[in-house]
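Can you make the complete structure from the sequences, with help from the hints?
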Amino acid sequence: MAKSWDEINARIASGTAVVLTAEEFGALAKDEGVSEAARRVDVVTTGTFGPMCSSGVFLNFGHSEPPIRMAEIWLNEVSAYGGLAAVDTYLGVTQPSRDRGMEYGGAHVIEDLLRGRAVRLKATSYGTDCYPRTEIDTWITLDDLNQAYFYNPRNAYQNYAVAVNSTNRAIHTYLGTLLPRLGNATYCSAGALSPLLNDPTYRTIGVGTRCFVAGAPGYVAWEGTQHNPHTDRDEHGAPVRPAGTLAVIADLKQASAEYFSAATFTKYGVSSFMGIGVPIPVLDEEIAETLALTDEDLSATIYDYGVPHRSRPALGRVTYAQLRSGSIEIDGKTIPTGPVSSLPVARKIATELKSWVAERGFQLAEPVQLLPQVGSPGPKSLEIRTGEAI
Amino acid sequence: MARKRLDLTFPPRQSLQPVIYHLVKDYDLVPNILRAQIQPGQEGRMLLEVTGGAENYLLGVEFLENQGLTVREAAADIVLDPDRCVNCGLCTSVCRTGALTLDGCSALVFDKDECVYCEACVIVCPRRAITLSF
Numbered sequence: 000m001a002k003s004w005d006e007i008n009a010r011i012a013s014g015t016a017v018v019l020t021a022e023e024f025g026a027l028a029k030d031e032g033v034s035e036a037a038r039r040v041d042v043v044t045t046g047t048f049g050p051m052c053s054s055g056v057f058l059n060f061g062h063s064e065p066p067i068r069m070a071e072i073w074l075n076e077v078s079a080y081g082g083l084a085a086v087d088t089y090l091g092v093t094q095p096s097r098d099r100g101m102e103y104g105g106a107h108v109i110e111d112l113l114r115g116r117a118v119r120l121k122a123t124s125y126g127t128d129c130y131p132r133t134e135i136d137t138w139i140t141l142d143d144l145n146q147a148y149f150y151n152p153r154n155a156y157q158n159y160a161v162a163v164n165s166t167n168r169a170i171h172t173y174l175g176t177l178l179p180r181l182g183n184a185t186y187c188s189a190g191a192l193s194p195l196l197n198d199p200t201y202r203t204i205g206v207g208t209r210c211f212v213a214g215a216p217g218y219v220a221w222e223g224t225q226h227n228p229h230t231d232r233d234e235h236g237a238p239v240r241p242a243g244t245l246a247v248i249a250d251l252k253q254a255s256a257e258y259f260s261a262a263t264f265t266k267y268g269v270s271s272f273m274g275i276g277v278p279i280p281v282l283d284e285e286i287a288e289t290l291a292l293t294d295e296d297l298s299a300t301i302y303d304y305g306v307p308h309r310s311r312p313a314l315g316r317v318t319y320a321q322l323r324s325g326s327i328e329i330d331g332k333t334i335p336t337g338p339v340s341s342l343p344v345a346r347k348i349a350t351e352l353k354s355w356v357a358e359r360g361f362q363l364a365e366p367v368q369l370l371p372q373v374g375s376p377g378p379k380s381l382e383i384r385t386g387e388a389i
Numbered sequence: 000m001a002r003k004r005l006d007l008t009f010p011p012r013q014s015l016q017p018v019i020y021h022l023v024k025d026y027d028l029v030p031n032i033l034r035a036q037i038q039p040g041q042e043g044r045m046l047l048e049v050t051g052g053a054e055n056y057l058l059g060v061e062f063l064e065n066q067g068l069t070v071r072e073a074a075a076d077i078v079l080d081p082d083r084c085v086n087c088g089l090c091t092s093v094c095r096t097g098a099l100t101l102d103g104c105s106a107l108v109f110d111k112d113e114c115v116y117c118e119a120c121v122i123v124c125p126r127r128a129i130t131l132s133f
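Those protein sequence lines, which keep their order, are chains A and B. Heads up, the final residue of the first sequence is numbered 389 in numbering that gives the first Met the number 0, and it's a clean run with no missing numbers. Heads up, the final residue of the second sequence is numbered 133 in numbering that gives the first Met the number 0, and it's a clean run with no missing numbers.
Do not rely on the hints blindly, as some may be mistaken.
[To be verified] Listed below are the simulated SDA-like cross-link pairs for lysine to any residue, each with C-alpha atoms no more than 25 Å apart in a straight line:
id, chain 1, residue 1, chain 2, residue 2
1, A, K266, B, P81
2, B, K111, A, S326
3, A, K347, B, R83
4, B, K111, A, G182
5, A, K266, B, R4
6, A, K266, B, R95
7, A, K252, B, D82
8, A, K266, B, T100
9, A, K252, A, G61
10, A, K266, B, C104
11, A, K332, B, S132
12, A, K252, B, R83
13, A, K332, B, P81
14, A, K252, B, C84
15, A, K347, B, S132
16, A, K266, B, R127
17, A, K29, B, C104
[To be verified] Cβ pair distances, simulated, as ranges:
id, chain 1, residue 1, chain 2, residue 2, range
18, B, Q38, A, R168, 47 to 55 Å
19, B, D110, A, K29, 27 to 35 Å
20, A, T166, B, P39, 35 to 43 Å
21, B, A106, A, T15, 30 to 38 Å
22, B, Q38, A, V306, 20 to 28 Å
Calculated directly from the structure, the hints in this document are not laboratory data. Glycine residues also receive a C-beta, built at the ideal position from the N, C-alpha and C atoms.
Now the structure itself:
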C-alpha cells in the first residue's frame, strides 16, 4: 500500500487528501487496525506548544537618516545582539530586560510585536565615516521592519524529562516549582501529538520539511542543537528520554500571538511557549505504526532535579497516559503530576495544520537532507580546562 | 452547617480579647486563617474561613463586631485571566487542595470552594495569568 510523496502531494493539490491529527489516527488505528488506517489516511498532523528557550528572531530595522551602525541595541530595554551588520539583530527569547528583569524579556518583546504593539528601539554606536550617527531612540512596529523571522535553534524536543525533587526544600526550575520530598512531578511533551515522537527515526522530518511555526508556514532549517538520536528507545523505537530536536525558520509577520506566548519561570528566567506542528505523510505501514502510538504507548523517564548535576539520577519510567491521569507512583508513593506543555493548544495546532493540508493545499516537502541518525557522532559535554592543558 | 469566608478588619487599637479562641470556645465555630496581616498599632486584615452552625455563625459575627472588628463577606479572589492563560496546567502541579485541575480535555478548571489562597499558582504561572485580589 506504499504511497509516494508525489502521490500524496497530488491528492493535497486536488483537495482529496485524507488528513487526520495524530490523536485521531491513533483512535482509528485502534478501531480498524494499523493497515486499514494506513490505507485510508494520507497525512497525519502533529502539534506541540511548550516552553522552548532556544528561540528568537532576526530583525532588520532599515536605515535612519543619518545612518547608524548599531553596536548596542535594546528593544523595550531588552538587549539584542549587535554583532551583525549595521541594522540587523538577533533577539533571543530568554534575554531579560534591564529594567524589569525576568518579568519582561525577549519573548515579551516578540509577543508585543505580534500583537501589533509599538516597541521602543534604542541603540548606540561608536560612529564611523559611513555610519556617523552614534545613538538612536525611536519606536518600531512589526510592519515597520524589512525582515522579521524566527530562527529557533532548538524546538520540538523529541520527548522530555519528568521532573521531581527529592530534597527538603522547594526548587524553582524551567519545569516549574518542584515541591520537596517528591511533592509533585512535572512533565513537558505533547505525547502522542508530539512531532518527533510520531516519526521517531526521522524518516520524513528532515532539513527542508514544511511545518507550522507559531501560526506561520515555516521550514525545518537544520537539526536542532543537542539533537541526540542515541538515547534509550522503547520497543516501538520511540525514545524514552530527551532525544531529537529541530531548528526551524518562519516569517514572524505571518505568525500569531495565539501560537507564541511569552513566559516567565519564577526564579529561573524568561522563555516562550512556541507552537510547532509537522505534517507527516503516511508512506507505508512502518510509519503508520509509530503514527498510531498513543499516550498509553509512549513513556518518559523521571529525573531528580534536586541533584544539580549534568547527569541527574533517573527514578523510573512512566507513560504519558499515567502522567495525564494526574498522579504517578514512585516507590509506592503517589505523586501529583502537572504538565508544562499545553495539550489544548497542541490539539489546536494539529487541527489547524490539518485544515492547511486538507483545505488550503499546504504541500509536504520531502527532506533535502536527513537529520543525523543513530550512528552519527554522539553528544559532547563541556570539560573545564586550563590554557596550560591545551 | 455553614461555611463562610470573612474579610475582617482589625482597628489599630483592638481590645485584648483573643478573638479566634472565643469563636471556637463560645460559638463552636471552626476557624481557618487563610491570610492575615496584623501589625501592632496598625489596622490589620484577616481572611478567615469559618465553619459551624448557622445560628452560631451569626452570633460569632456579632461577637466579632462587638470587639470593634469590621466584618465583610470575603471578596478575596483568585482571578484567572483567560486572555493570558494558555492552559498549560503547570499551576495544577502546585495546587495542594485540588482547586485547580485539568478537565478531560486538559483545560484548566478552578473550584473556588477548594482554594485556600496559598498563592502557589500565582507564583508558578509562567504567563502571570493568575492574580489574587485581597
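> Among the hints numbered above, which are violated by the structure, and what are their numbers in rising order?
Replying inline: Of the numbered hints given earlier, those the structure breaks are 5, 10, 11, 13, 15, 18, 22, listed in rising order.
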